[in-house]
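Novice: All chains should be modelled from the sequences, with the hints used to inform the complete structure.
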Amino acid sequence: MADVAPKKRGRGRPPKNAAAAGDGAKIAKKTDAADDAKIDKKADAVDDAKIDKKVDAVDDAKNDAGDNADAGDDVKTAKKRGRPPQKKDASNAKTAPPKKRQRSPDSSEEPEDESSDKSSASPKKTAGRPAKKQEVKKDTAADAAPKKRGRPKKADSASTSKSTKQAAKDEDEEVNDKKPTSSGHKSIPRTLRVVGPAPVFECCTQVDLRVYETNGSIYSAMLNKTDIGNNNNKFYGIQTLYRGGSYSCLIWWGRVGYAGQHSLTAFADAAGAVGMFCSKFLAKTGLSWDERKEEPMPGKYRMIELETFGEATHGMEAEDKENDEDIPDSTLLLEVQQLIKLITNLSMLRDGIRSIELSYENSEKMPLGKLTMAQLERGYTSLRAIEEALKKPKVDRNQLRHATNEFYSNIPHSLGMKAPHVIDSLDEVRDKCELLDTLKEVQIAIKTINAGDTGEGEKLNPIDRMYNSLHCDLEVVDRASADFGFIKDYMNVTHARTHAFSMEPVQMFRVNRHEERERFVDHGNRMLLWHGSRPTNFCGILSQGLRIAPPEAPSTGYMFGKGIYFADSSSKSANYCFPRDKEHGLLILAEVSLGNMNEKKDADYDAAKLPKNKHSTFGMGQWTPMSTEAKFPEIEEGLVVPNGFLQKNPARNDCSLLYNEYIVYNEDQVRIRYLVQTRFDLAF
1 MADVAPKKRG
11 RGRPPKNAAA
21 AGDGAKIAKK
31 TDAADDAKID
41 KKADAVDDAK
51 IDKKVDAVDD
61 AKNDAGDNAD
71 AGDDVKTAKK
81 RGRPPQKKDA
91 SNAKTAPPKK
101 RQRSPDSSEE
111 PEDESSDKSS
121 ASPKKTAGRP
131 AKKQEVKKDT
141 AADAAPKKRG
151 RPKKADSAST
161 SKSTKQAAKD
171 EDEEVNDKKP
181 TSSGHKSIPR
191 TLRVVGPAPV
201 FECCTQVDLR
211 VYETNGSIYS
221 AMLNKTDIGN
231 NNNKFYGIQT
241 LYRGGSYSCL
251 IWWGRVGYAG
261 QHSLTAFADA
271 AGAVGMFCSK
281 FLAKTGLSWD
291 ERKEEPMPGK
301 YRMIELETFG
311 EATHGMEAED
321 KENDEDIPDS
331 TLLLEVQQLI
341 KLITNLSMLR
351 DGIRSIELSY
361 ENSEKMPLGK
371 LTMAQLERGY
381 TSLRAIEEAL
391 KKPKVDRNQL
401 RHATNEFYSN
411 IPHSLGMKAP
421 HVIDSLDEVR
431 DKCELLDTLK
441 EVQIAIKTIN
451 AGDTGEGEKL
461 NPIDRMYNSL
471 HCDLEVVDRA
481 SADFGFIKDY
491 MNVTHARTHA
501 FSMEPVQMFR
511 VNRHEERERF
521 VDHGNRMLLW
531 HGSRPTNFCG
541 ILSQGLRIAP
551 PEAPSTGYMF
561 GKGIYFADSS
571 SKSANYCFPR
581 DKEHGLLILA
591 EVSLGNMNEK
601 KDADYDAAKL
611 PKNKHSTFGM
621 GQWTPMSTEA
631 KFPEIEEGLV
641 VPNGFLQKNP
651 ARNDCSLLYN
661 EYIVYNEDQV
671 RIRYLVQTRF
681 DLAF
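Read in order, the letters of the sequence shown correspond to residues 1 to 684 in the working numbering.
Quick caveat, the hints were computed from the structure, so don't treat them as lab data.
Derived CB-CB ranges, DEER-like: (1) M417 <-> A268: 39 to 45 Å; (2) D522 <-> D290: 49 to 55 Å; (3) S217 <-> K300: 17 to 23 Å; (4) N468 <-> P197: 24 to 30 Å; (5) E629 <-> I327: 48 to 54 Å; (6) A268 <-> P197: 18 to 24 Å; (7) T331 <-> Q544: 21 to 27 Å; (8) D427 <-> N230: 25 to 31 Å; (9) D581 <-> D522: 38 to 44 Å; (10) I327 <-> Y605: 47 to 53 Å; (11) E629 <-> S555: 38 to 44 Å; (12) N468 <-> K631: 40 to 46 Å.
The beta-carbon is built from N, C-alpha and C at its ideal position, and this holds for glycine as well.
Specialist: Now the structure itself:
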């Protein structure tokens, strides 16, 4: 009888006999062992990969936090906040991911990854030694019960309504940003009064919190970063806060001009809150907190210096609302009170900025607050670098792009979701210089508005308080006086026919700036000349005098170099008031010591480098005042007033200017004598 083949078993061939069957069993056993070894090896590889990944995460956390304790803090925070998990390895794809806990938009943590602006939406998990730390809280009420699943609560005004994944992208991934939801659009800060060394960021709604300060170090930092190539235009704010014996670290981040997002992390002591502050600062800037005044690191955030005063109150309105009966009457004449109200009007200050730079129109709302004078000087330096690049025979686009990044990083602009534009023309440089000039004047105006009471316990009317901060005496000129009539005539007869508007003097003031008379340098050839400027600039002009642009500023836009410019035509100077129909503007009449003038028929951007024995520049115009007398009148000995009708001088047909300009390069050659408040009519 033929042999019957045995049933198949294992993975080997069926043996032909018992011996073969035994061999087959051995082979099958060996094969199974090999397969098991492969599976174990693969599993070990997966485990090793997980361990390596975890170790890498720990290293990243250490680098970000600066030590194991801070790394442990971040892990504990991440676990409590339910961060989205890392993407699983393909070999372990069948393992079900942990369920995510739904959170309100306010509870999202800022991204931890600083390695790239195009980082993954899911932040890295970190691990390390846990630190002593209280439960993380948002800046809402005290501990709340766990949130129910379902629709999240409505976000407060300082937070967006994005999903957790999108929230993680906002700070470090802006290349493909979508337009924020309405709740995350423009921020509308409340009016702040500073309590402590610096104002608490307006995104924080908790009351009675103060910025922590120790050993002269104020733990508050606003950072900014602009990268045109990656469409980055973002801010990152950090503060250590305290209230009583509790401490916290506030983080605020987003795109400039938008409300952004924030988190508030509570700590048991000041050391923990300061530790988180310092680690975040290091991660974002590449500098330790002690190195914050060093040069910024390439490709990193840079610290923006902000004034420590809060947002300006609305002048007298804010104070009047408090206790009207407690505010004494002003001791000033009504005309002076009205002038102070005009030059400290916040709406006018905002309009002044908006008329120059639309992308700075929400400067009162931007998270970056008010820039210091030192910060504005850095902006001038950046513009000067752009100017130098543009003046080279062959323009280097990379150099321009880098310098533009520097400018926008130093002087934040709200540009919406569009990429910042490369500043690539001298006209744009001039416009940005004008913006910085105006921002400087606005800074002075806000300081005037916020000026504190003078005298021990003395209660002053807010208008008187602001007047005192000008350190300048203003005397009303009687409308029936000879001075008023003389100045009105000087204004009318020197009004150029090419300037299609009319002016009517409303008020005039004699000006006595403290110490200006004593420092005045007389080179002879003194003339009473016109100077016009925006109303936003007059707090600075009256308190600090007429000033020359800083050395950091580019020379572009100054026809005869950086100096103080005057005219003998009232309407030529009035153009620099940027008049609006039926509105008031301000003109100055200043005593100017011209000395020996260096005459120029055409523009000379290096005219500030005067020849020896020259004290000023005279830009000769085709039209000039002509006196009907042998000489111009003098209002006092040696002070000439070029009060004559403008007539064309045939000998000056080759001059590029229509009207005369006078420029001095020393502030001590100027003394302000009169301030003329005038009403414009553009339908003339």
